[in-house]
Amino acid sequence: MQRKARSSSLSGPGARTIALGWKEEEGATSPNGSTEKDKSTITITVENYADCDSFENELDEFFGLGDAQIRKDCLKESCGDEVVMLETLLEGRRSYRIQAARALLYVAMGRYASSSAKDKVTLSAAIVDSNAHLLSLGAFSYYRAALKLVSSQLEALIANLGNSSVSQEDLRLDIENAHYETTIYLSLLYLLITANHNDPELVEILCECDPDAAFDPPPSAASAAASANNSNNEGTNTGNGFVKAKSGRLPFAIELFEIVSVLAEGNRKLYPVKKLLLLLWKVLLVTVGNSGALKQLKNAGRAREGLPPVPQDTYAKATPQDFHNFNLLTTQKYPAYFTPSISDLKSPALIPDPLSSVARRAIINPLPPPSSNAASTSLQGSSANGASNSNPLSNDGGLSGSVITSTIQPVASDSLLPCAFEESLDLLYKKMYIGLREVQISREIVELEGVKRRAAEGVASGTGAGGFDFPSTGGGVTWRDTAYKGQVDLGLQRVEELYRYLSPNITIHIGMLIRLLYYVNLGNELNSKNENSLEKMPSPLADDQVSSADANVSSQEDAKSKHQDALEAADVIRHREMVTKAISGILLILLKSIKCDDVLKFEYICQLLVDNNCAILILKMLSIWFQNPVQAAMAATTTGGVGSHPERSDSLSPAAISGANLLKERDDPKELNFFDAILGTTNVISQPPIDLQTLKGSWRNFFTTINLLRILQKITKRKTHRIMALVQWKASAVLKRIIKVPNTGLQTYALKLLKSQIPLLGKKWRSSNMKVITSIYLHLRPNLVEEYLSGDSDTDADEALTQEQYLRSLIACFHHRVYPEIYPPPAPVPQPPSSDGKEGQANFLHDSGHDELESMILSTKAAGSYNESVGYGGASNSSTFHALLGRNRYAEQVAKLHRNRSTLTTTTQQPSKVDADFEDNYQTWLREEIFGDAISPLDSCDALDQEDDMDLWQRSKAPKGVGYGIRVPVVVDEFDWPFGEGAADHVAHVTTGALHVGGDGFYAPAPTPMASPGRNKFG
Amino acid sequence: MVINRNKKGTRLELKTVDTDSDDKLDDSLAEKLIRRAESSLAVQTVIQHGIVFCHSLFAVMLKHIQWGASIVLAVDNSDIEAIVRLPEGVDPAVWQCEHLRQLCLQLNQLVALLIPECLPSNEDCREMKAGEWQYLCAAHVSPQPCSAIDYIIHTLDGATALLNSSKFFPSRATIPMASHKHFSSIARRLYRIFAHSWFHHREIFDDFENETCLYKRFLFLSTIEFQLIPEKLITIPQVFDMGV
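In order, the protein sequence lines correspond to chains A and B.
Sequential numbering from 1 applies to the first sequence in the UniProt record's numbering.
Sequential numbering from 1 applies to the second sequence in the UniProt record's numbering.
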C-alpha cells in the first residue's frame, strides 16, 4: 500500500499545494517510516516502525549484563542428545535440570563456540536453525512445563520467606537459584518463539491448552505432605482477589500474564521481569498476529456482522451520522428541498445485502442514546413523512410558507435537488463507511434498553431471550445474527478465547502492567526505593548524567571500575527502556486485537486503563522524555557509555530536537549486546557515520513512544470526557513538543491527539497555534465532514460525564450478557422512587431523558456499592469490575448533574403526582381530545416497532389546518411533557449549526438536533 | 455376520469359524470385523482377541500341544508382531489409541502387584526414580515430586483420563489431528512405570512380564511400529531380542 508522499515538513515553508500529504494508518501495514531528508534541518531516520525490530537487534536487547555469566556457564556444558536434554529438563533434581537447561541454551544460541559462527549473519542463521529443530522435537511443551515447575517452586519459596521455621539464608539462596533457572527458561522460550515466529504451527502450539492437567488427581496420603506447601492445586481465591485457574488449561499467553500478576504479591527483587515481559509481548504477537494478520482479523470481524471489508482506498470517510446531519441541516435551512433521510440508506443499493439487521439498525439510528432516541426516531418519522408526502417543487423559488430566506440553488434539470445537494449526497454515498463499532454498540444499546425495560416490568433482567431479533447467548459466544452465515474466523476465535481466559483477572493484569510501567519509569524519579521495586536498581539515577561524574577519576583500577559503572549504568537504562517497550507493545497489541473482535471488550480494557491512570502516566512519561531541548542536547553527550563520540555533541545544532536524549541512537556498550559479546567483537568501536543531516534514532525508543501515543489515542478517541481530561492536564504542551521531532510516525499520532482536543482548547489557542493546525491539515487523513475547526464545542463537562457513564453501563451490560459466569449483572435498574416516569411504557416518547438519567444514576450507585475485594487497585481507586463507576467523584458529579438538570435538553420539572391510569392512557387522551383524531390506541410497542408507531403517530397528529405538504415538525417536545411548563424552553436548544462536534453517532449530542424549524418560528 | 460367540461344545480352534465366508483364522477376523465396521469397538476386539489367542499362556500351551512340541514358555516375537502390526484398513491413530488403552488396562495389573512393594519408605521409592533418572509427576497443575507409587498411579490415571476424555478423543472411530501428539507423551510416561519396576522391583517385573509379555509388546509398539518413544529414552537395557 503506497503511502502518499509528504510534500512538506513542519519546518519547511508551508508548501500547501498538495493536499494529499497524509499518512496511511500505521496499523494497516508496516509502512516505511523513514522521513524524507529535509534540506534544512536534522531529521531522525528510523527504519520501519513495524511490529518488531529485526531479529538481531531484539536478541541484542533481550540479553543484558547479567547474562554473560550464564553464557559462560553454558559453554562448560557438554551437549548430549537434544531429546535427552529436553527430557532432563523435567527432572526432579535441580542440578540435572540446570545442566540440561544450560546445554539447551547453548544449542539454542546456535552453538556459538563452534567454528562456524563467524559473524552476525551466520550466527543468527544458526540460531534460527537450531530453534526450528528444537521446535520440531516438541521443545515448547517441555519449556512450558519447566517454567511452570520453577514458578511454582518459587512461589512456595517466597511464601516461606517470612516463616521463621525455615532458614532464611537457605531460602534466599534457593530463591536466587530459582531466579537463575527462570532466566534460562525464559531465554529458551524467547529464542524459540522469536526464531520461529513465522512458523504457522507455532500459533497452534501456543494456543492449545495443556492436556497434562486434564484432571486433578486426588492427593494421596503420601503426597499430602508434599502438597501442603503448594496450594496451587485447586483454584483458590487468594486474598487479593486473584483467582488462580483451576487447572492448567490455559493458553500460554494467559499463563504468562498470571506470572506477571503474581509478581506483585511478594518480594520479587531480582526476578527477570524484562525477559518475562518481552516474552509475553512476543507470545501475544505470535498468537494474535502481526499487522497484516490484524487487518484480516478486522475484516473477519466485519464479515461476521455482514459488513463489507474495509475498503482499501478511501481517502475520506463519511459515517451515517454525517448523512443524518446533512439531512438535518438542509431541511432546516432549505425546507423546500427534500433530501433523502437516513432511512433511505436502507436501500440495498447503498448497503450490501448480507448486512445484518443490527447493522441496518445502526445505520438508521445513528443517534442511539436514549435521550435523543426520541428525537431521532421522531425525526425519521417526520422526514419520512415529509418525503413520502412531498410534492416535487418546481423551480419556481418556492419557499412555501417558510420565513427562512435562503438563496435559490441552481438545479440541474430532471432532478429535484440543487446541484450542490446532489454533489454532496453523491459524495456521502460514495464515502459511506459503516464502522463495526457502530453496529456493535447499537446492538448493545438495544439490549440495554431491553434490560431496563424488563427490569422495570419486573421480569428478571439480563437473560434476554426472545422478544428480540437476537437472543443472547452466554458463555463467551457472542451471538450471531441470522444474516451471518459461515464459519467464524479462526483468528477471531483465538482472540476471543484469549479475552475469555483473561477476563477473570483482567483488572489485576492491567493494573499490574500499569504499575510496572510506573515503577520502571517514574519510580526512580521520585527517589523512593520501593519495597516492591521489581528490579535491581543501583542508587537512583536521577537522569542520565551520572556517568559524567566519573570523569574525574584517573587511576587504572578506577578506570576499570568506571568502565564497569558505566556499563552498569547503561544496562540499567537499557533495562528500563526494554521494559517500557515491552509493556507498550503488550498493551497496544491487546487493544488492537480485541477491537477486531468486539468493540465493547476493547472499551472495557480502555476503561480499565483509564481507571488505572494510564493516560496520566503516559503523559507524564512523555513530558519527562521530551523536556527542554537545550538541556537534552547537553545531556546527550554523557549517554552512550563507553563508545560515545565526543564530537557527536557538536553536531547537534542548538535548536536540537527535543527528546534527543531519548531518541537518539543508542550506542550501547558492546558488552551488552548479545551478538557482540559472543562474537568477541567487544573491543571494536565502530564508527557510525557522523552525518550532520541524519541522526539515526533508537528504534526501540521510537517504537515505545509511538506505541504510547497510539495507546493514548485509542483510549481517548471520541470520548469527550477523556479528551477534556487531556486538556486539563495540558497535554497540548507535550504534544506540541513531540511534533517538533521530524519523524512521521510520531507526528501522526501526536497530531491526532491534538486534533481531538482542538474543539476544547478555545479560540485563543487556535489562533496562536496555526502551525499545528496547518500540519494537521497536511498530514492527517480528513473525514468527509470535518468539524473540529468550526467552533468551540459546547459540550459540557456534565454531558461528557453522562456519555462516559452511559458507556460504562453499556460495557457492564455487554459483559454480563456475554460472559455471565464471569461478570455479575450490573445492578438492575430499580424503580426510581420519586419519579413517576415509568419505563414500562415501552414508548420511547414517554421515556424522558430525565427518567433515563435518574435510573442510570441509581443503577450506577447500586453498581458502585456492590464492591468486591479491592484487589490491585491501581493508584487510588478500586479497579474491580464492580466498582463500575467507582470513583466517588463520578458519583458526585452525577448527583450534581441530577440537580442541575437544566443543561439537559430533555429534562423537565418533576411532574406532579399523576395517577397510574392517566399515565397509561394519556397518549390516547391527548390524541383523541386534543388532536381529535380517532386512532386506535397504540399497543405497547417494544423497541423494534416503535419507530413505525412513531410514524403513525406523527402523521396522525399533524395539526389540523396545516397542509400535509409542509414538513411536520417534530413534536417530541409537546407530548413528552404535557405537564411541564418548560415545554417551549428546550425548543430553544435547537441549534442551527451545532452539529455535534467531532462526535459519532454514539453519544448523546449535547444539542439534541430536534430540529423543529417551523415550530421554532411559529412559536 | 461374524459370529463370535462361544457356543457350548465349540472347540477352540473352531471358535471363530465364520459361517458366512471361507476364512477361519484369527487374523482374517481382524479384517472382517474392521471391514464390516459393525461396531466402534472392532479394533479393540481385534487387539484383545490377538492378545488372548496369540499370547496368553494358555494359547502358547495350546499351540505347543497342537504341534507336539514341548511346553516352552518363550514367546515368539512373531506373535507380538502379529498383534501390534497395523492391519489394513485401520487408521494408524485409532490403532495406536486402542493399543494404548489396552496397555492401560493391563498395566493396572502391574500396579496392583507393585502397591504392596513400592512403598515410600523405601529408599528408591521415595521419589519416582528409574535408574539414574528422577521424574516429576506431570499430572498436577505444576510438576511435583510425587513418590514412586503415587507417580505411577497418577500417571496411569492421567493417561486413562486423557484417553477417555471427550475433549481430546471424542470418538473411537476417528481421532482429531490435534490429539495425535498426545500418544507420544502418554507412551513416554507409561514407559517410566516399566522402567521403575525394572530397576527397583525386578522380581515383580519379571513375573509380570513372563505372564503377559506386556513390556515387550509395548516396546514393539512404541519403538518399532510407531516411533512414540525416542531410542535414547529407553532406559531399560535391551535384553530381549527385538528383531523386526
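Derived from the structure by calculation, the hints contain no laboratory data.
Computed from a predicted model, the values in this text were never measured in an experiment.
Ideal placement from N, C-alpha and C gives every residue a C-beta, glycine not left out.
Any given hint could turn out to be false.
[Claimed, not checked] Estimated spans, in silico, between C-beta atoms of each pair:
#, chain 1, residue 1, chain 2, residue 2, range
1, A, Gly80, B, Gln227, 13 to 23 Å
2, A, Ala132, B, Ala173, 45 to 55 Å
3, B, Asp91, A, Arg718, 48 to 58 Å
[As the list claims (entries may be wrong)] Below 20 Å or equal to it, Euclidean Cα-Cα: the simulated SDA-like pairs (lysine to any residue) are:
#, chain 1, residue 1, chain 2, residue 2
4, B, Lys181, A, Glu787
5, B, Lys232, A, Asp199
6, B, Lys181, A, Leu90
7, A, Lys771, A, Asp796
Here is what the structure says about each hint:
1. A hinted range of 13 to 23 Å for the beta carbons of Gly80(A) and Gln227(B) is consistent with their spacing of about 19 Å.
2. Here the CB-CB span from Ala132(A) to Ala173(B) is close to 35 Å, at odds with the stated 45 to 55 Å.
3. A beta carbon spacing of about 55 Å between Asp91(B) and Arg718(A) agrees with the range 48 to 58 Å that was offered as a hint.
4. With a CA separation close to 58 Å, the supplied pair Lys181(B) and Glu787(A) exceeds the 20 Å bound.
5. In summary, the hint linking Lys232(B) to Asp199(A) is not supported, as the alpha carbons are separated by about 28 Å, beyond the 20 Å threshold.
6. With a C-alpha separation of about 18 Å, the suggested pairing of Lys181(B) with Leu90(A) holds against the 20 Å cut-off.
7. The straight-line distance between the Cα atoms of Lys771(A) and Asp796(A) is roughly 28 Å, outside the 20 Å bound, and the hint therefore fails.
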